[in-house]
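> Now for the letters of each chain:
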Amino acid sequence: MAASAAAVAAPSVVSAQGGAARSLRVIPQANLTSVDPVWTTAVVTRNHAFMIYDQLCAQDSNGEIKPQMVEGWTVSDDQLTWTFTLREGLAFHDGEKVLAKDAVASIKRWARRDPFMQVLSAGVADVEAMDDRRFRFRLHRPVPLLTMALGQTQFPCFIMPERIASTDAFTQIRETVGSGPFKFVPGEWNPGQRAVWAKNEAYVPRQEAVDGLAGGRRPNIDRIEWTIITDPATSANAMMQGEQDYWEYPLHDLLPLLRRNREMVVQQRLMDGTYGVCRFNTLQPPFNNPAIRRAVAMAVDQRDYLRAVAGNDPDGWGVCEGVFTCGTALANESGSEILKTRNIERARAALREAGYNGEKVVLIAPGDYPQINALSLVTADILTRMGFNLEVISTDWGTLVQRRASKEPVERGGWSIIHTTSSGQSLALPVYHLFLRANAANAWFGWPDEPEIERLRGEWVQTGDPAESRRIAEQLNAKAMESMYYIPLGFYWQPSAWRRNVTGVFRAPATVFWNIGKA
Amino acid sequence: MFAYIVRRVLATIPVMAIVALFVFSLLYIAPGDPAAVIAGDQATPDDVERIRASLGLDRPYLVRFGAWVWDIARGDLGVSIFTNLPVSTMIQQRIEPTLSLMVVTLILAISIAIPMGVLAAQRQGTWIDRAVMGFAVLGFSVPVFVVGYMLAYIFALELDWLPVQGYTPFSRGFWPWLENLILPAVALGSVYIALIARITRATMLEVLQQDYIRTARAKGVNQSGILFLHALKNAAVPVITIIGIGLAGLIGGAVVTESVFAIPGLGRLTVDAILRRDYPVIQGVVLLFSFVYVLVNLAIDLAYTLFDPRIRY
Chain A
1 MAASAAAVAA PSVVSAQGGA ARSLRVIPQA NLTSVDPVWT TAVVTRNHAF MIYDQLCAQD
61 SNGEIKPQMV EGWTVSDDQL TWTFTLREGL AFHDGEKVLA KDAVASIKRW ARRDPFMQVL
121 SAGVADVEAM DDRRFRFRLH RPVPLLTMAL GQTQFPCFIM PERIASTDAF TQIRETVGSG
181 PFKFVPGEWN PGQRAVWAKN EAYVPRQEAV DGLAGGRRPN IDRIEWTIIT DPATSANAMM
241 QGEQDYWEYP LHDLLPLLRR NREMVVQQRL MDGTYGVCRF NTLQPPFNNP AIRRAVAMAV
301 DQRDYLRAVA GNDPDGWGVC EGVFTCGTAL ANESGSEILK TRNIERARAA LREAGYNGEK
361 VVLIAPGDYP QINALSLVTA DILTRMGFNL EVISTDWGTL VQRRASKEPV ERGGWSIIHT
421 TSSGQSLALP VYHLFLRANA ANAWFGWPDE PEIERLRGEW VQTGDPAESR RIAEQLNAKA
481 MESMYYIPLG FYWQPSAWRR NVTGVFRAPA TVFWNIGKA
Chain B
1001 MFAYIVRRVL ATIPVMAIVA LFVFSLLYIA PGDPAAVIAG DQATPDDVER IRASLGLDRP
1061 YLVRFGAWVW DIARGDLGVS IFTNLPVSTM IQQRIEPTLS LMVVTLILAI SIAIPMGVLA
1121 AQRQGTWIDR AVMGFAVLGF SVPVFVVGYM LAYIFALELD WLPVQGYTPF SRGFWPWLEN
1181 LILPAVALGS VYIALIARIT RATMLEVLQQ DYIRTARAKG VNQSGILFLH ALKNAAVPVI
1241 TIIGIGLAGL IGGAVVTESV FAIPGLGRLT VDAILRRDYP VIQGVVLLFS FVYVLVNLAI
1301 DLAYTLFDPR IRY
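Residue numbers (this note's numbering), protein chains in the order written: chain A, 1 to 519; chain B, 1001 to 1313.
In case anyone wonders, no lab produced these hints; they're calculated from the structure. Even for Gly, the Cβ is constructed at its ideal location relative to N, Cα and C. Treat the hints with caution; some may be incorrect.
Ranges of calculated distance between the beta carbons of each label pair, as one might list FRET restraints [as the list claims (entries may be wrong)]: (1) LYS97/A to LEU1157/B: 49 to 57 Å; (2) ILE1182/B to GLU408/A: 47 to 55 Å; (3) THR1044/B to GLN29/A: 21 to 29 Å.
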């Protein structure tokens, strides 16, 4: 029986081996558990969505928004009407043409979940199809950031057929019909094991060269196969043996091993680093006292955190002592002197002056999340040395995300400090800077209440002037440092690794697979 | 015998009901919130609440439990919160790798461990005996993942004889299927080889002291006849018991092995589901495992009758 099974199976095995050259075998950063990029914000789902869907406009390597599915847009003289025209030749994977009504339905579904668009939505009267290729936004007041929202990378506006996009934004879609350069192969999706995409032969890329996420998205490979390998050592072995071609997020500890292998290329592909965040619960003692939060900040040396996460190679990380992404237009260190103190003795003295009474501090560390766990343990060490009455609770990420929602005192299941990481893109602008928000109950966990921050943020959204935008950003940074409801912990680079026969890899704000081939 | 089997099969129903109640209640009180995981960092509390409501997680305990039991009674294990796929489909996708791993591991363990145990008993006190017992101590002491990494390093990376990771379905051919399973089966089987070899040795030593063995020797039965026809059959009951327990334990051991060798089996499905709080998947898999445990126990009880004619049901 075994022999006959082998005989029957032989052709498919040969075919699979022969097809290896035309397949890009990828170890993604996480398991693809959902295929709906509106329903979940998971980065892995967004990366999947970049393959099967297209965007109206997209971010280039300079962070500028360029047309992608649209030929372009026009803005009326009074700035209250934006008209977009779709390119010709766009078609969904089921053969249907992409029409303006599909774009409108997709925008409406996405806008219900995207925090950026929710900020702008107060200025939007309606979005409507004008004909098959044109749609327009009618505005109550000028919204200069409209294309920035539509072309953003962190929560992209992907275009789906109207019949799918009319699904409620809080209900997960099952169909995976887009108009992007690759088609999802649902029959080969085994969550936790494999996900497969095939080249969309009918895709018409833009003529421009690829530039970040903008320009021509050319599917240069027949198949992309994601294999979920949870163990980093096994992933490294599979890469070195040639069983896999591309590893999205190699563990930092294994980078030297991969670099020593002549068949491997290890490079920074994402354009932004990953930023560490130490967040205080401002509702409960002792961190409802800004002076105590500032005392902790005086003890922080970002380099300790970054070495704990990314190792001793200074090229692997960077100090960034402000709230905005370093290297971007709004990055500044106004009021950030406190983060340059880096002195445990002065921090202890500041803590005494602040009137710390020995209240219990609960720090939750996610043991199954190596980078965030490392950040947590460095803070735990600082707090211990400062003399805090500290309890470290080591748990898993699933438990942490539930417990961080608790506003109760620590004795009743609450928390004092948590850590997280964020992409640099998400911290580049006040409009979607999650940790900067200080709108009390509606703010991110920790719930800071700083009306001045919110006022400045609102002012920034309205301005279209770069100099004014910069001035507001400096005020925001200074105010955030004064209130210190979170401590920026710097950033580390997350390189990717691929085998030398993989061609066409380019830097981009997200991990995408168009233009990549295999020699 | 038939009436006994029917009774035992019927007895699984209350067992499964208790397991179902227990699993559901434990998950209900366990910390974690799938809605928060799905919503991500950017979500507002209102968004999380809406997702929770859309998943039905805001309903009272009894309503949720009742709905789940009603679905189970109709053979519906539910739909994964995250993938939106039926739990039964997800289990079907994962059952072959785990079953394959368990079968290969068991065959390997039994075919190596029993001869080792018999040999050690026959050569009690010699270097062979000490070597077998030394191996048994190692097998117990070295964690499966350490054995797994060592095997992968030697046989995949250095010698390039076998693949590092992955699973090839049986339908693609016997050798592609087997070559992916050899290293994981050896890693997972090391504990069971040690366990079965020790029990076989101890039981054989006891049996070899019995009067009927002396009688067989006196009648001129040769050594292999004594060992394999007379002694081993009578030593089989404890060995079968330990194989049965080992089979049940393989389910747990497979979790680590599947992670080290990237085998997409039920073990990894369970761990992933627990970390994400994918309740329907956890409940479905635990129910399945419980059912397998019950069936394995039944199979062991029935196997006793094959080796010991005094046991009758």
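> It remains to establish, for every hint, whether it holds in the given structure.
Now the hints, each set against the structure:
Restraint check, LYS97/A to LEU1157/B: a C-beta distance of roughly 51 Å satisfies the suggested window 49 to 57 Å. Range check, ILE1182/B to GLU408/A: about 53 Å between beta-carbon atoms, so the 47 to 55 Å window is met. Remark: the range hint 21 to 29 Å for THR1044/B to GLN29/A is upheld by a beta-carbon distance near 25 Å.
Against the hints set out earlier in the document, no violation occurs for any number.
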